[in-house]
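Number of protein chains: 2
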Amino acid sequence: MAAPDVSVVLVSPRNPLNIGAAARAMSNFGFTKMRLVNPYDLAFREAKSAVKSNYILQQAQVFTTVAEAIADCDLVIGGTSVGNRDLHLPLHRLEAGGQILKEHKGAIAILFGSEKFGLSNDDISHCHWLYRIPAREEHASMNLGQAVAITLYELCRNPDMEIARFEAVERASGAELERLTTLLQTMLTEAGYINERTSVTSEQKLRRLVMRLGMPASDAHTWLGILRQLHWKMKQNGS
Amino acid sequence: MAAPDVSVVLVSPRNPLNIGAAARAMSNFGFTKMRLVNPYDLAFREAKSAVKSNYILQQAQVFTTVAEAIADCDLVIGGTSVGNRDLHLPLHRLEAGGQILKEHKGAIAILFGSEKFGLSNDDISHCHWLYRIPAREEHASMNLGQAVAITLYELCRNPDMEIARFEAVERASGAELERLTTLLQTMLTEAGYINERTSVTSEQKLRRLVMRLGMPASDAHTWLGILRQLHWKMKQNGS
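Chains as they are written, first to last, in numbering that gives the first Met the number 0: chain A, 0 to 238; chain B, 0 to 238.
Calculated from the structure, these hints are not laboratory results.
These figures come from a predicted structure and were not determined experimentally.
Take these hints with a grain of salt, some might be off.
[Unchecked claim] In silico SDA-like pairs for lysine to any residue, Cα to Cα no more than 25 Å straight-line:
no.	chain 1	residue 1	chain 2	residue 2
1	B	Lys104	B	Asp4
2	A	Lys51	B	Pro133
3	B	Lys51	A	Pro133
4	B	Lys115	A	Asn53
5	B	Lys51	A	Ala139
6	B	Lys104	A	Met160
All chains, please: the whole structure from these sequences, using the hints.
Spelled out as structure tokens, the structure:
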């Protein structure tokens, strides 16, 4: 699924460090459209960001009003920590709001308010709905750069990955594990750990022990080498 | 579901600002156990964080080795941007790794490497598995505070919320909408917008128009007042 067409709109950001952090998160997740409404520090273009995200700051657009910044967007939403329930706008948790954004076909603007005051009532009047990141009610106010990062992460999050847990780690084959089990049994018999009389059940226990290791294929050879070395040393001492 | 018992372990963090940002994200999402391994700047306790998260910095524990920092944890994982495939550790995307952590009952340590170098091979040798935040491969290296924030967000994320999109916004009742529709029809008839002959179909069209507004209950009274005022003005002018 293609990422939604999102402009990150920072309204009256005060701290160039946060603008830089927002740009970095945008670059991390592949979003390039940064828009600034009345940034407090017009030297923001000198703000440092990670080298790889400087292009985002350089091509950021500056506006004097929210109306201008969102003029070409057909869905405008705002991040809030307090809910602004008295504004009677729909309020989504990010998990749900993110789904709507992922399914939206047109241009989207996400408004982030200033570090100190958040979005004003006037800013919010431009929004179709609001969302909040599910932070604790007792401390819901988030750092601007972190709020941008979490929001964009949610947009790139792939729910299919919850099921497909492991990225391919090739496991040792049955034949490799059997070689290991066999050698280990020989060694343990020689060492007196395994009783000759009960060796059949012991072999089964041992095999299950080895299977449960979940050994990667790339390590099987190393483990076999280790055991062979130990076996050689055992026999050397025993002679 | 209770949040997992997670210690956030920052290994050799260089920048007190990032330690403060990590503490703030921890407080936002309700995690309190911060552990620092060899922080570069021992004055980190003077690092500023948001006022509400200073308690996390104050009770942060400092260790000289990773082994000490994780001694009481039975699951140790590490965040990485590069994958470290040559280390043959399982590598999960955060979406999947987060599920494992949410289901884990014991104490968990999540290791975050230094801003400059990430986790060293030695740090990683303490980990059961690694995870990566699904950033672009071309720019996968994330800011430390943002990486902590996104990771903790994933742990607090509630997948049920993807379906339950709207938090309750009470919609206007049928009776309120009918009062609006009736008044509007009267006005539009008086204004010559609705033709007497076709007024039945017009009424139905009008009702559907009003229904589609999705008007919140708290706004219905205001809209009715607006229409009444306009109606009064219309009649005043017409008399």
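Quick rundown of the hints versus the structure:
1. Lys104(B) - Asp4(B): holds, 8 Å
2. Lys51(A) - Pro133(B): Given that 25 Å is the threshold and the Cα spacing comes to 17 Å, the pair holds.
3. Lys51(B) - Pro133(A): holds, 17 Å
4. Lys115(B) - Asn53(A): holds, 18 Å
5. Lys51(B) - Ala139(A): holds, 10 Å
6. Lys104(B) - Met160(A): Distance ~22 Å between Lys104(B) and Met160(A) Cα, so the pair holds.
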